[in-house]
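Number of protein chains: 2
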Amino acid sequence: MTDVYLNLIRSALGSKTEPNTAEALGHPESECVRLAKKIGIRQRPLVADDEYTSDLAINATRRLLAEGGIQAANIDSLIVCTQTPDLLMPGVSSAVHGSLAFPKNCYAMDINQGCAGFVYGTQLISALITSGMSERALLVNADCYSRLIRPNDLTTRVLFGDAAACCIYSTESRGLRVIYSRCYSDGLGHDSFVARNSALRVDYAHESGIHMDGPGILGFALQVVPDAIEQALADTQLSRDDIRIFAFHQANSFVIEKLAHKLRLRADQVPQNCLNLGNTVSASIPLLLQEQWGQLKRGDKIMAVGFGVGLSWGALLLEYVG
Amino acid sequence: MTDVYLNLIRSALGSKTEPNTAEALGHPESECVRLAKKIGIRQRPLVADDEYTSDLAINATRRLLAEGGIQAANIDSLIVCTQTPDLLMPGVSSAVHGSLAFPKNCYAMDINQGCAGFVYGTQLISALITSGMSERALLVNADCYSRLIRPNDLTTRVLFGDAAACCIYSTESRGLRVIYSRCYSDGLGHDSFVARNSALRVDYAHESGIHMDGPGILGFALQVVPDAIEQALADTQLSRDDIRIFAFHQANSFVIEKLAHKLRLRADQVPQNCLNLGNTVSASIPLLLQEQWGQLKRGDKIMAVGFGVGLSWGALLLEYVG
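Protein chains in written order, with numbering that gives the first Met the number 0: chain R, 0 to 321; chain C, 0 to 321.
Keep in mind that a hint or two might mislead.
[Claimed, not checked] On the chain R side, residues computed to face chain C include the following (Cβ under 7 Å):
#1 Ser29
#2 Val32
#3 Tyr51
#4 Ser93
#5 Asp109
#6 Leu237
#7 Trp292
Hints were generated in silico from the structure; no laboratory data involved.
In this text, a Cβ means the ideal position worked out from N, Cα and C, and glycines have one as well.
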């Protein structure tokens with residue numbers, strides 16, 4: 000079977016910054032301080048009024064092409080993962096494709112996944128490359144959840160940041176080799192993380208915007224993430240000590256530290272970056288990998304785990320090959 | 000390389016019917032008669048007020064499972080292709096997953112594609128199966144464009160019908176073998192078929208809803224569809240006479256007959272079903288294949304071609320194996 004490698008990551012952040020302060024949020028000082036401390040998020044990038052997911056996606060992709068010395072003409076698959084598209088039709092991938100002169104002979108499509116979207120997207124691209132249908136593919140994880148946040152819902156507002164990450168995959172042995180991925184889903188949790196009145200279903204019973212059952216999602220994560228990791232380790236005959244980094248979806252520090260504690264991981268195995276980024280949905284894992292990239296040594300193994308809306312989750316095992 | 004087969008197709012239609020008559024459309028009789036005749040669409044299924052894409056998708060999937068004697072527990076991939084989801088998050092696949100007791104060990108995800116969505120979806124599932132990541136996968140093509148139609152825009156209103164089709168794929172040699180697929184994209188055509196104000200981008204300059212440059216889309220189809228077919232025939236070393244059926248996306252009879260004429264195809268090679276269904280977006284090709292299924296003979300080859308929003312298009316070659 001052909002090996003697939005994630006060769007390079009570049010990213011883009013919303014051009015505004017919202018600090019989690021009483022002044023910015025318009026909520027009592029004590030409440031904001033307590034929340035910001037608990038979740039470990041000080042500020043978050045947000046899109047400006049005239050900025051949309053397509054702008055973030057185009058910026059991240061343009062950087063990857065420029066800094067990687069890659070011609071768009073040589074990309075044959077362009078997958079954009081988003082839940083906050085500019086339009087229902089066409090997808091954000093169409094805007095990226097047209098803006099950056101991708102070739103017509105390109106499989107360009109949006110996929111809809113939340114915080115598991117990097118694992119889902121990587122699995123999809125691995126399948127395209129392994130099956131011989133693609134040689135060089137981009138995955139762009141891009142969202143602006145801020146456009147769906149109910150401004151008075153402090154518990155979600157303080158969490159989410161707007162960002163995009165663009166990853167290029169190929170069979171060239173450079174960067175991170177995809178060793179393993181496995182994705183999961185539980186539609187019975189459909190309503191525990193949902194954006195009401197966000198597309199075509201009319202729902203008079205609920206305020207429009209994101210509704211998240213925080214305790215429910217925490218309980219879900221503490222159950223399925225360790226299980227998915229155990230399954231991945233069993234499937235690959237590795238142990239926790241073989242893993243240099245657990246790149247958890249950066250939901251917030253509270254969740255990540257609960258997971259690390261439950262799994263008895265060392266602090267140095269669990270890097271975080273949500274302090275100044277917040278929860279950037281499916282871009283959070285590639286943003287973290289981009290930061291860690293410079294410190295990786297040949298042979299280092301990374302377990303990336305995404306979890307969120309759907310409910311969906313998945314585990315991905317990567318190895319740095321230099 | 001593993002062969003992939005489309006084993007069975009089932010479908011569901013919107014529970015209302017709108018005839019293309021002056022009375023139903025509220026436009027002058029002469030205009031309606033002229034249009035209905037030109038496009039060859041007499042009536043179209045539409046969703047009822049309380050019916051959404053998830054309902055169509057669940058109904059089609061439930062029928063496939065029941066009539067195919069298939070347990071949801073044995074499905075490991077569930078892909079829903081839609082551009083008219085109930086919600087931006089979670090996807091329609093989450094609703095289908097939860098409603099019909101799919102297993103947790105299931106890759107469940109929405110993809111966003113329009114009238115090329117059956118070819119794009121089949122290529123994705125072929126990759127998942129060929130790469131060994133999936134054994135038994137469903138593709139559900141489901142849309143209710145009627146919710147995005149501007150009621151006074153007669154030229155789009157008379158075209159679109161609301162429907163869903165569910166296909167099951169596996170390595171079991173039954174039904175239609177996937178011989179070949181190739182997908183294309185042209186983001187420069189982004190604005191020629193677009194739903195304004197349909198998700199998060201605010202556009203005060205245009206009326207909300209679908210805007211389609213009809214003549215532009217016709218010109219596009221008449222160019223790219225024959226080219227994609229020639230490419231597919233060249234890639235598979237087949238000739239037009241080797242193809243029993245050209246299953247064109249059922250945009251409307253006017254487009255299909257133009258294509259047949261340009262390609263010099265016999266009428267019996269180009270079945271149609273838009274008279275009573277209209278253009279059912281990415282469900283149109285599987286709906287047509289479902290109708291034709293009973294008349295197929297072992298060895299019959301089918302060229303399916305989708306084209307539309309994005310712009311995107313793709314050609315898929317299938318062979319009936321009994």
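| Of the hints stated earlier, which fail here? | 1, 2, 6, 7
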